[in-house]
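Chemist: The primary structure of each chain is shown beneath.
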Amino acid sequence: MKHSAKALVLAAALACAGCSVPGASADGAPLTRDELPPVGPSAQQTMALADGSVSLPEYQDAFARYEDCMSDAGQPLANITRGEKVIAYSVPDEAVQSGDDDRCYQREFAGVDEAWQIANEDDSFTTRLLQACLIGHGITPLESAVDVAEQAAAAGLTPDACQGYAGSL
Amino acid sequence: MKLSRAFAGAVLLGFSCGLMVTQSAPAVALGTRTVSCVYNPPGTGYVTGYSWRNSDFSGGAYTNKTPDCTALTLSVRVKYQSYPGGPYYWTGFSYGSSSVTQYQSGTSDGEHGVSGQGVFST
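Protein sequences, first through last, are from chains H and G. By my numbering, the letter at position 15 of the first sequence is numbered 15, and the numbering carries on one by one without gaps. By my numbering, the letter at position 86 of the second sequence is numbered 86, and the numbering carries on one by one without gaps.
Derived from the structure by calculation, the hints contain no laboratory data. The structure presented is a predicted model; accordingly, all values stated were derived computationally and were not measured. We put the beta carbon where it would ideally sit given N, CA and C, even for glycine. What you were told as hints is all true, and nothing was included just to trick you.
A few chain H residues facing chain G, derived, Cβ under 7 Å:
1) S90
2) V96
3) I118
4) P159
Partner residues aside, some chain H positions facing chain G, computed with beta carbon under 10 Å:
5) N79
6) V86
7) E94
8) D101
9) F109
10) A115
11) W116
12) V148
13) A152
14) A153
Isolated chain H, as found in the complex:
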């Protein structure tokens, strides 16, 4: 392991005191991506990201490739719910532990998933939940995700305290 990588792992462990850094060898020594074959984006994902934005069909196609990759690995995704904008799904823990999820996600979906969700965060579940929670506490919510998050924080409204509003969305 490179010294810089070890330093990073140590820094991460110290920054998350009481927690564990994912990825450790049998002898307990942290591993780094450097010690595994690199996982780069597929040509299709690279193409989807090339113009700097992600369309809904590109998001859906990237998810389909991720789903196919997981199925091919014998670790099919579960509980898939295709929402209006975001697809919800579950990943078997075994696939996370084996690295299949990381490999498939990075290759086919990660960049597209992040870009799509960030581009639509003003209409995300989190934003809508906090807006409903603010209204429930007599506060008129703003529109952008950033503004709503700041309003909620200023009002001391945490996501778990607002969870009761999830059913109204």
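Based on the hints, put chain G in the right spot on chain H.
Modeler: Using the frame of chain H, we list chain G on its own:
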């Protein structure tokens, strides 16, 4: 062996906090953690987050960044078990630029474990 997504790219940092619980309890926050924006200059800000579990066996993970944190995006995912002895699953990642939450509803009267993993890109 699952590695943190932190190491999938040069700019991703990942942390997984061991916040698994096995007992039923109403509206219990499982913990709060503060993670610095490691790749930023010291003192430039923090990302905070926590996971929780409620009496209805739902739960979630949450993280946000302080105004002076220069991380560009945040994400969380939740590990859960729908019933005692059942398999564990992870949700997909939920992304946000300043605050992000991922919920997972319970599915049966079994115990429901939840933990959080945050990934911060700068």
